[in-house]
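S.K.: Residues per chain, in single letters:
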Amino acid sequence: MSFTEYLILFGGMGLVTYIPRWLPLFFLAQRKLPQWFIDWLSLIPVAILCALLAPILFTDQPLRTLDLGKTEFLVAVPTLLFAVKTRSLGGTILVGMGLFWLANTVL
Amino acid sequence: MNTQGSPTPAQSDPPPNPWFRDGVLASWPICFGYIPIGLAMGVLASQANIPVWAVAMMSVMVFAGSAQFICVAMLAAGASIWSIVITTFVVNLRHFLMSSAMAVHLYGLRRRFLSMFAYGITDETFAVNMTHFRKGNWDPMRAITVNQTSNGAWVLSTISGALLGQFIPTGAFGTDYALTAMFLALLLFQLHDIVYVLTGLLALIIGTAWFLLIPGDSYIIAASISAATIGYFFKQYRETKR
Chain A
1 MSFTEYLILF GGMGLVTYIP RWLPLFFLAQ RKLPQWFIDW LSLIPVAILC
51 ALLAPILFTD QPLRTLDLGK TEFLVAVPTL LFAVKTRSLG GTILVGMGLF
101 WLANTVL
Chain B
108 MNTQGSPTPA QSDPPPNPWF RDGVLASWPI CFGYIPIGLA MGVLASQANI
158 PVWAVAMMSV MVFAGSAQFI CVAMLAAGAS IWSIVITTFV VNLRHFLMSS
208 AMAVHLYGLR RRFLSMFAYG ITDETFAVNM THFRKGNWDP MRAITVNQTS
258 NGAWVLSTIS GALLGQFIPT GAFGTDYALT AMFLALLLFQ LHDIVYVLTG
308 LLALIIGTAW FLLIPGDSYI IAASISAATI GYFFKQYRET KR
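Quick note, the sequences are listed as chains A and B, same order.
Counting from 1, one number per residue, gives the positions in the first sequence under the numbering used here.
Counting from 108, one number per residue, gives the positions in the second sequence under the numbering used here.
Here chain A stands alone, though its shape is the one from the complex (with noise of 0.2 Å):
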């Protein structure tokens, strides 16, 4: 990408980031946000999560087909437990990083 590109992307990025910090403090908003808005708002992490995790995990992301078996799904699930188990985030991304690197050697 050439640094045009970048900087759109990441002018956009930054624009998008900026106005919910920005909006609420430069109006001084003393309502409360409505109760609806902030239960949907705590559901978006884990969505978005999912969401990103989706093709990575169960399709051929190229091809575009669906795809159960792949290496990065099998490693998930030794990692998701090494997660449940530690609460570590550095260490279940070396667990994966360690599990991926062995599944692909041994495989």
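No lab work stands behind these hints: they were computed from the structure.
The reader is advised that the hints may include incorrect statements.
What the hints assert, rightly or not - For the chain B half of the interface with chain A, some residues (derived, Cβ under 7 Å), not all of them:
#1 HIS239
#2 ALA285
#3 GLY314
Claimed, not checked - Derived DEER-like restraints, expressed as beta-carbon distance ranges:
#4 B/THR336 to A/GLY90: 32 to 40 Å
#5 B/SER325 to A/GLY98: 27 to 35 Å
#6 B/VAL304 to A/SER88: 16 to 24 Å
#7 A/PRO62 to B/THR238: 44 to 52 Å
#8 A/THR86 to B/TRP135: 20 to 28 Å
#9 A/ARG87 to B/TRP160: 35 to 43 Å
#10 A/THR71 to B/ASN244: 46 to 54 Å
#11 B/ARG218 to A/GLY98: 45 to 53 Å
#12 B/ARG217 to A/PRO78: 25 to 33 Å
As the list claims (entries may be wrong) - Reference excerpt, derived from the structure (chain A facing chain B, CB under 7 Å, subset only):
#13 TYR6
#14 PHE10
#15 PRO20
#16 LEU25
#17 LEU43
#18 PRO45
#19 ALA54
#20 ILE56
#21 PHE58
#22 GLY69
#23 PHE73
#24 LEU80
#25 THR92
Cβ coordinates follow ideal geometry from the N, Cα and C atoms, glycine included.
Model the placement of chain B on the given structure of chain A, informed by the hints.
M.R.: Positioned in the frame of chain A, the structure of chain B alone reads:
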């Protein structure tokens, strides 16, 4: 426009320590957390062939950890600029809540100060500043010092990571799985109850189906918004049944 008022509000009992030192000290736990994540983000960005100057530019212009990781993953997958910007918007909408809560403690300050303060609101700086504000020994100058020290740590560690990443061959030691593993861990930490689990499963199913049926990368926004909406109605239904 309100141009009156100073950044430091009138206080009957000013804290004894200089604001800069207090702010830097309070930001230590955040920096400690940002440095490894920033390094990882820089390494992954360089693995995705994003140049060092672009990593620096992104960290300064965006300053949002998860959105930057998602941006790297989407660039690596060949996503369009617009879909990355829209995804960033949805991911960072949560800061709207934090900024609203923070406004209470920054009442009556100059709008220029508020506009600068807004740049540094992240999950972590928000949590630290709110804790100190609730304890009552905090003021806006100390709070913005926390924001900007954390920002400095983030920018420097992502640049260091990008420089370091150039010496690691692409895909070596499973680095191409690092983002997936991070998403998995972050996902797990978010599963507070059955509503979240259901929302996640729905997003996986809708996301997979959407990805297979519809070209482009609208699956991220489509799956996350529809899954969160269904999850929300499920939560409502559960609460009325009780």
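S.K.: Using the Cβ atoms, figure out if A/PRO62 sits within 44 to 52 Å of B/THR238.
M.R.: 47 Å Cβ-Cβ, so the 44 to 52 Å window holds.
S.K.: Restraint: A/LEU43 near chain B, CB-CB cut 7 Å. Satisfied or not?
M.R.: 4 Å, holds
S.K.: Given A/LEU80 was flagged as interface, is its beta-carbon under 7 Å from a beta-carbon of chain B?
M.R.: For A/LEU80, the interface hint holds, since the closest Cβ of chain B sits about 6 Å away, which is under 7 Å.
S.K.: At a threshold of 7 Å, is the proposed contact between A/PHE73 and chain B supported by beta-carbon distances?
M.R.: 10 Å, violated
S.K.: Next item in the hint list is A/PHE58. Is there a CB on chain B closer than 7 Å to its CB?
M.R.: 5 Å, holds
S.K.: Does the closest beta carbon of chain B sit nearer than 7 Å to the beta carbon of A/THR92?
M.R.: 4 Å, holds
S.K.: Do the Cβ positions of B/VAL304 and A/SER88 conform to the proposed distance bound of 16 to 24 Å?
M.R.: 21 Å, holds
S.K.: Should the interface hint for A/LEU25 be scored as holding, given a Cβ-Cβ cut-off of 7 Å against chain B?
M.R.: 5 Å, holds
S.K.: Mind checking the CB of A/TYR6 against every CB in chain B and telling me if the closest is under 7 Å?
M.R.: 5 Å, holds
S.K.: Tell me if B/ALA285 is really an interface residue toward chain A, meaning its C-beta lies closer than 7 Å to one of theirs.
M.R.: At about 5 Å, which falls below the 7 Å cut-off, the nearest Cβ of chain A leaves the hint on B/ALA285 intact, so it holds.
S.K.: Look at the Cβ atoms of B/SER325 and A/GLY98 and judge whether their distance stays inside 27 to 35 Å.
M.R.: Between B/SER325 and A/GLY98, where Cβ atoms are some 34 Å apart, the hint holds.
S.K.: Holds or violated: is there a CB of chain A closer than 7 Å to the CB of B/HIS239?
M.R.: Hint violated; B/HIS239 Cβ to chain A Cβ min 17 Å, cut 7 Å.
The structure shown violates the earlier hints numbered 1, 12, 22, 23.
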